[in-house]
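Q: Each chain, letter by letter, is given below.
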Amino acid sequence: MSEKPVKAIKLNVINEPKDSYTGGKSSLCPGCGHDQISSVIVNSAWENGLEPHRIAKMSGIGCSSKTPAYYLGQSHGFNTVHGRMPSVTTGANVVNKDLTYLGVSGDGDSASIGIGQLIHAIRRNVNMVYIIENNGVYGLTKGQYSATADVGSKKKKGATNETQPIDLCAMAINLGCSFVARSFSGSKKQLTAIIKAAMSHKGFALIDVISPCVTFNNNDESLRSYGYVKDNQAELHSVGYIPHFSPLEQVEVPAGSFRDITLHDGSTMRLETISEDHDISDAVAALGALHQADADKKHVMGLLYFDGEKPALEDDLELHDTPIVEMGDDILRPSAAKLDDVIAQLRG
Amino acid sequence: MVIPRRGPSLRGKPEMDKVVNDFTINIATANGTGSQSANLILLQTLFDMGIPVSGKNLFPSNISGLPTWYIVRLSDLGYQAPGDRTHIQVLVNPATWDEDLAGLEPGTVVIWNTDSKMEMNREDIISYPVPMTKIARGLNPKLARMIANVVYVGVIAELIGMDQQVLEEAISKQFGGKAKAIELNSEAARLGRSYCAENFTKSDPYTVEARERKEGGFFVEGNEAVALGSIFGGVQMLSWYPITPSSSLAEGIIAWLPELRTHEGKATYAVLQAEDELAAAGMVIGAGWAGARGITATSGPGISLMQEFIGLAYFAEVPSVFWDVNRVGPSTGLPTRTQQGDLAMLYEGSHGDTQHIVFIPGTVEECFEFGWRVFDASERYQTPVFGFSDLDLGMNRWASHGFEYPDVPMDRGKVVLTKEQLDSIENYGRYRDVDGDGIPYRTLPGSGLDPILYRGTGHDEDGAYSEKPDVYYKLMQRLKRKIDGARDKLPAPVMREEEEQDIGIVFYGSMENTIEEIDDILEGMTGKKVSTCRVRALPLHSEVQAFIERHNTVIILEINRDAQMNGIMRKEYPNHLLNKMHSVAYSDGMPPRARLYAERIMEVLKEVGA
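Chains as they are written, first to last, in the numbering used here: chain A, 1 to 348; chain B, 1001 to 1610.
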């Protein structure tokens, strides 16, 4: 009998195992695309060799915004209020510019209640990664359409959505966002590459990730319905593999081509990876690709727009090299002599 | 009584019963016409002559063309309220002419611009008609509208006997270093002066006499005092959204920061003009979460928008400072008028059970002091802390003789900065009450020390999500205990107590500037001496309750409709005190006039037989 070989633990460039980047157990529906994104976040941070404690994980409210509990357990984080993560992150960023800010949001959080804050964070070019886990529905409140739901999409129960969706990538490009990408929770390889690049980018990096909701694009009769999940939750969690809730298959679409993905409810989604000829510095071409994909009923994926030269908010503020939060009280409180100067000036 | 034009000179005028340093001047102009500079010159000159004086700017929510009144009160007794009546009225604005004129008591002095093409239809006033615009046009046709204002300053100066040299110094101060503007305005004042001297016989009693001037005095707005206090409190991040009457607080911080807080040529602070008050609040909380001193300044509408975030900061225990410069609500209300209408909203801001620390300055010196103290309290108690000012205190100029440099080092609270510190705390948990004072320890993002995911959802002592009944109950009890523990560590009330301990008045904030006059009027009416107790913070200091215990009848006096402080007291105080507590709450948007409040207090005292 030969002994099993001891498997060496793989370390990254700063000698950390991947375990240093994992978080708590997910309480999302089994098979949720968001969990796949969480695992990509873990991989990306590990592969990039970021120090776990120098990452700040930020979120708003919703299914997506719960996920910071499921990754990067050694990082401080802030699960803020609905749609307001950008402002909290902005405040933290300007006083401690040396952390890597990783924001996770959803389409309700970003395209509806928080669209104003998202727009202004883009406008300021806050140095952060901003991942939108986009499924077109409000999951946590049981499946209402969000502002990114496509016209004509239909829940099994309820009316067809007739309201024009907001394309957050097109919006971001129009706002001059310095890094805009779209990906798919099932395209692990592409998504990892994009998130790793975003983590290295200085400025606002928006990543719109299509992440189908396995629960609310299903009809009530289905074994994949909310009722079924609720009634069978305990069992579902204890079983390793439930066919109805299997994660979406891995989908890697070569550059310039497309593939149809069949979703759990039988509908299909056509994913296209932007061609290698696409000039990422050309905002007009990026918008053209988005509009063309829309006309063709496709979702175009990949890095759509990039501007590595645009000054970030922290540059505009002409901050001292030492993060403000690390400054001593002697620097923060002016001297008594300075107060005398002030009073003298007030006296005129 | 109308004085004919071309009357005998003022010089060699007969003696009459003089009213010295005890009258009110009301100047009615339109905003955007440059009258503010002229009015400030008038105020500064009187102040520099050593005369106790105060100025109130009653301005519209508008940039140009709407009515503005500036009220200058001279009072040897030091009264700073606007006073009950106008003694000298300056009429420049045709829009309010008739109404202003109709409201004057017989015998009022009226200095009016004959170029306004308005009629003087009162015979029972003392009239001084002056062609202000014509005089100004003769000096500089382009700027006539602006410098016409300085012409009336000159007329007033001659009429009440202001010192010309002091006046010219004040003009020089107002236009700091701009030689052309100084010369032009000085000449306009001289022309106003000589027109008055050559054309009128003084037929009114109002005069000024210089007093011994206390050296080192200056005028400062409450908002600027808070701004400076914040900077000496080590502010690290300011986020704000413009709103009257708080904008000048934020702008004061912005104006002084480069001079006071540049280190090695770089900023040691960040300023963010937010997209709205929600974002401003979020930024403050983000900065506080990261370990910095963040501040925002707003008014009632902004605080309304910030409510959700205030609850987050309370529940997740994030230091954050909010200044509310109160204007008149509800809704958009009267945006340029004053009130104490936001107190209850601050004290119990946000949904669910909350309770917040509120600092309430009553003077510009306290605006400075509380400007830095709020940061210490916020970091000590890891909670949102409010500064509560109002338009009257914040946007008017008040005389001051200086600010005290902070007498204690910055209190950064229970922040764990090193591994050794963390290890020395037995059973550390972000929300565990290790010391028994309700205040937990915290580590900062980036430190690698015991990281947690902050959240607005229910959480246990380690910060993990929890909906367990006992966990929630204990957490809420600890938060209550934490804020309760702050009571006697916050600024104690200022009490002026009479031996009789019969009638006591409890009040707060900008009412400080009217209370002395109210007190004197009451004493005149009742013959009784009245004690006063000025509350300076919430939750209420134990000395406030002790003051009420010691007095037979207590009036709770405030500038709002709903008796908000009274409500807070009634909720917290034992039953045996409630019967002797009586409310006088009144608000009409105007800065408090002493007689109006005194009469209301009298009514209540009569009613209860005190």
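A few of these clues could be false.
Unchecked claim - Under 7 angstroms between C-beta atoms, here's a sample of chain A residues computed to sit facing chain B:
(1) V81
(2) L99
(3) K298
Derived by calculation from the structure, the hints in this document are not laboratory data.
All values derive from a computational prediction rather than experimental measurement.
We treat Cβ as the ideally placed atom computed from N, Cα and C, and that holds for glycine.
Q: If a hint holds in the structure, say so; if it does not, say that too.
A: So, going through the hints one by one against the coordinates:
Against a cut-off of 7 angstroms between C-beta atoms, the interface hint on V81/A holds, since the closest Cβ of chain B lies about 5 angstroms away. For L99/A, the suggested interface contact is upheld, since its CB lies about 5 angstroms from the closest CB of chain B, less than 7 angstroms. Taken as an interface hint, K298/A does not check out: its beta carbon lies about 34 angstroms from the nearest beta carbon of chain B, beyond 7 angstroms.
In the structure shown, a violation is registered for the earlier hint numbered 3 alone.
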